[in-house]
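Just so you know, the sequences run in chain order A and B. First residue of the first sequence? That's -14 in the working numbering, and the numbers climb one at a time after it. First residue of the second sequence? That's -14 in the working numbering, and the numbers climb one at a time after it.
Hints are computed from structural coordinates only; laboratory data are not their basis. One or more of the hints may lead you astray.
Pairs count within a copy or across copies, as identical chains cannot be separated in the list.
Here are the computed lysine-lysine pairs in the DSSO-like style, where the Cα-Cα straight-line distance is at most 30 Å [unchecked claim]:
| id | residue 1 | residue 2 |
| --- | --- | --- |
| 1 | LYS272 | LYS262 |
| 2 | LYS197 | LYS138 |
| 3 | LYS277 | LYS267 |
| 4 | LYS230 | LYS131 |
| 5 | LYS41 | LYS19 |
| 6 | LYS161 | LYS270 |
| 7 | LYS272 | LYS189 |
| 8 | LYS19 | LYS249 |
| 9 | LYS28 | LYS138 |
| 10 | LYS96 | LYS161 |
| 11 | LYS249 | LYS131 |
| 12 | LYS270 | LYS190 |
| 13 | LYS190 | LYS237 |
| 14 | LYS252 | LYS21 |
| 15 | LYS153 | LYS277 |
| 16 | LYS270 | LYS189 |
| 17 | LYS189 | LYS252 |
| 18 | LYS149 | LYS277 |
| 19 | LYS12 | LYS189 |
| 20 | LYS249 | LYS91 |
| 21 | LYS262 | LYS(-13) |
| 22 | LYS237 | LYS189 |
As the structure is a prediction and not an experimental result, all values here were calculated from the model.
The primary structure of each chain is shown beneath.
There are 2 protein chains.
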Amino acid sequence: MKNVFIIGCGLLGSSLVRRIKKKKVAKKIFIYEKSKSNISKIKRLKLPGTIVKSLKDGVINSDIIIFCTPMSEYKNIILKINKNLTSKHIVTDIGSSKQRSLKMIKKILKKNIFWISSHPITGSEVSGPEHGKQDLFENKWCILIKDKKTNLKHLQSLNSFWKKMGSKIVLMTSEKHDKIFSITSHLPHLIAYNLVKSAQDFEKKQKYDLIKYSAGGLRDFSRIAASNEIMWRDIFFHNKTNISKAIDLFIKNLNNFKKDIIAKNNKSILKKLSQTKQVRTKIIKLKQDIDKPDFGRN
Amino acid sequence: MKNVFIIGCGLLGSSLVRRIKKKKVAKKIFIYEKSKSNISKIKRLKLPGTIVKSLKDGVINSDIIIFCTPMSEYKNIILKINKNLTSKHIVTDIGSSKQRSLKMIKKILKKNIFWISSHPITGSEVSGPEHGKQDLFENKWCILIKDKKTNLKHLQSLNSFWKKMGSKIVLMTSEKHDKIFSITSHLPHLIAYNLVKSAQDFEKKQKYDLIKYSAGGLRDFSRIAASNEIMWRDIFFHNKTNISKAIDLFIKNLNNFKKDIIAKNNKSILKKLSQTKQVRTKIIKLKQDIDKPDFGRN
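Produce the entire structure from the sequences given, and follow the hints as far as they go.
Structure below.
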């Protein structure tokens, strides 16, 4: 059995720690966490694993190293651990955007170190180790980034690790990954933030107290617009080219929608509104959401 | 005790029927439903009340008349029942947009008939009488439209009726109503439809199978983008001026967001992403959404 080093123990990192312990996936777990408040929480929650004070202690004692910090912290951490890394280490991260971070990693990572990037498609609007759950990855996709140079032995080990976390694995290039998630995840978050911002602007301008009427639709968007700001700033900056294109497509479609509304184009509007309905059915069939009206929340 | 006539027995209408029966609010319930498939469902579900074959039978036997059809059907129905209406009738509707429909109603409704418009802030992405629930209105806002000419006695009766449905009442002009809900409900629905449409366009163009990765955010939007297309077409057409303005504000903000992302404007982005977070906290405090991460769905 291997030793695992979790760098950054927030929602995702602490969920890994819980799962590793429950499924007895590692001999030892090492945790590095920068935030004093999170360290207190980890101790209070009695999460399994040894909190290390230096990154070096974690690296030299572990076989698998998992970056669970915001992507903007990768560079500093790599520079600190570079000299202690060996080709035997399985190094990965769980960041939501890949091309740009992998470019930076390739540039600064010591030679003959194998970094295979992971992206488990899970999360929540809440952050911090107190919200982690051992089943956070259960039946969720985990994308592993594969290119021509990927070390196949390490890839196999990582594949096996994520399966033990409960994930279903898909291999993909970083380019394809970033395109797909610009649409299924990054644009939706941006749109949610932007909608809530627009409601705030309107409220201020009109002096109407409108948040109390958010049950009509706005409340759905407010959930993902409450996601961690550092994490999402990093994603927006890292995948800016694809996100920019996604915004352009979205605005083009929105302007067409507006035209149809103003012209009362019955046929075109009904076509749009009924076609989008099919996506919900597909999402539920693919078990990507709960099969209950209103997310089963009432 | 009064007799109630429900015109249109879908999600909302059937919820009213269930609640009226449970709380013994009416002596008799009459139901008019155009769709044969819904009539079969109503019979199979053994919903309380008498299904009438003509609108006239419902009107002449009832004290309270509630329009629960899509707004585009109001006109035809009014023209059919006009001659049977009296000033004693309390007539209302539950439509989601008010100015335009009230203008039309004023124009064609027989003189000395009092119509007071209602809007219960509740609903679901599913429709049809099989999805109705007696507690659909429980602790939800119900907006009653009041202007200078509103008959205060009828208003009081309607107020009392909605309280028995479980609603919390607010009085508002139709102008204020349509502005507020263009932002808290109509724009969010339009945005959700548009996002799902954009994802479909992207999928077609790139030939990527991306709906299966919708757990990253898109799935949240797909829920309200699965709402009834006739109902939402009517809302978009009826409140088109306010919705147009809301779209313009949204696009202006989205373009600013895009600029900030391209320029990597750290300060501005972080300000946006943290301010919107506060809205979620407020929504939960106001009990407009469930106080559990991820809508409690996992």
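For each hint, the structure was consulted:
{"no.": "1", "hint": "LYS272 <-> LYS262", "result": "both (16 Å within a copy, 28 Å between copies)"}
{"no.": "2", "hint": "LYS197 <-> LYS138", "result": "between (55 Å within a copy, 28 Å between copies)"}
{"no.": "3", "hint": "LYS277 <-> LYS267", "result": "both (14 Å within a copy, 26 Å between copies)"}
{"no.": "4", "hint": "LYS230 <-> LYS131", "result": "within (24 Å within a copy, 46 Å between copies)"}
{"no.": "5", "hint": "LYS41 <-> LYS19", "result": "within (14 Å within a copy, 73 Å between copies)"}
{"no.": "6", "hint": "LYS161 <-> LYS270", "result": "within (24 Å within a copy, 40 Å between copies)"}
{"no.": "7", "hint": "LYS272 <-> LYS189", "result": "between (40 Å within a copy, 22 Å between copies)"}
{"no.": "8", "hint": "LYS19 <-> LYS249", "result": "between (56 Å within a copy, 25 Å between copies)"}
{"no.": "9", "hint": "LYS28 <-> LYS138", "result": "neither (35 Å within a copy, 63 Å between copies)"}
{"no.": "10", "hint": "LYS96 <-> LYS161", "result": "within (26 Å within a copy, 65 Å between copies)"}
{"no.": "11", "hint": "LYS249 <-> LYS131", "result": "between (48 Å within a copy, 28 Å between copies)"}
{"no.": "12", "hint": "LYS270 <-> LYS190", "result": "between (43 Å within a copy, 23 Å between copies)"}
{"no.": "13", "hint": "LYS190 <-> LYS237", "result": "both (27 Å within a copy, 15 Å between copies)"}
{"no.": "14", "hint": "LYS252 <-> LYS21", "result": "between (58 Å within a copy, 24 Å between copies)"}
{"no.": "15", "hint": "LYS153 <-> LYS277", "result": "both (23 Å within a copy, 26 Å between copies)"}
{"no.": "16", "hint": "LYS270 <-> LYS189", "result": "between (41 Å within a copy, 20 Å between copies)"}
{"no.": "17", "hint": "LYS189 <-> LYS252", "result": "between (37 Å within a copy, 21 Å between copies)"}
{"no.": "18", "hint": "LYS149 <-> LYS277", "result": "both (29 Å within a copy, 27 Å between copies)"}
{"no.": "19", "hint": "LYS12 <-> LYS189", "result": "neither (56 Å within a copy, 47 Å between copies)"}
{"no.": "20", "hint": "LYS249 <-> LYS91", "result": "between (53 Å within a copy, 22 Å between copies)"}
{"no.": "21", "hint": "LYS262 <-> LYS(-13)", "result": "neither (47 Å within a copy, 39 Å between copies)"}
{"no.": "22", "hint": "LYS237 <-> LYS189", "result": "both (28 Å within a copy, 16 Å between copies)"}
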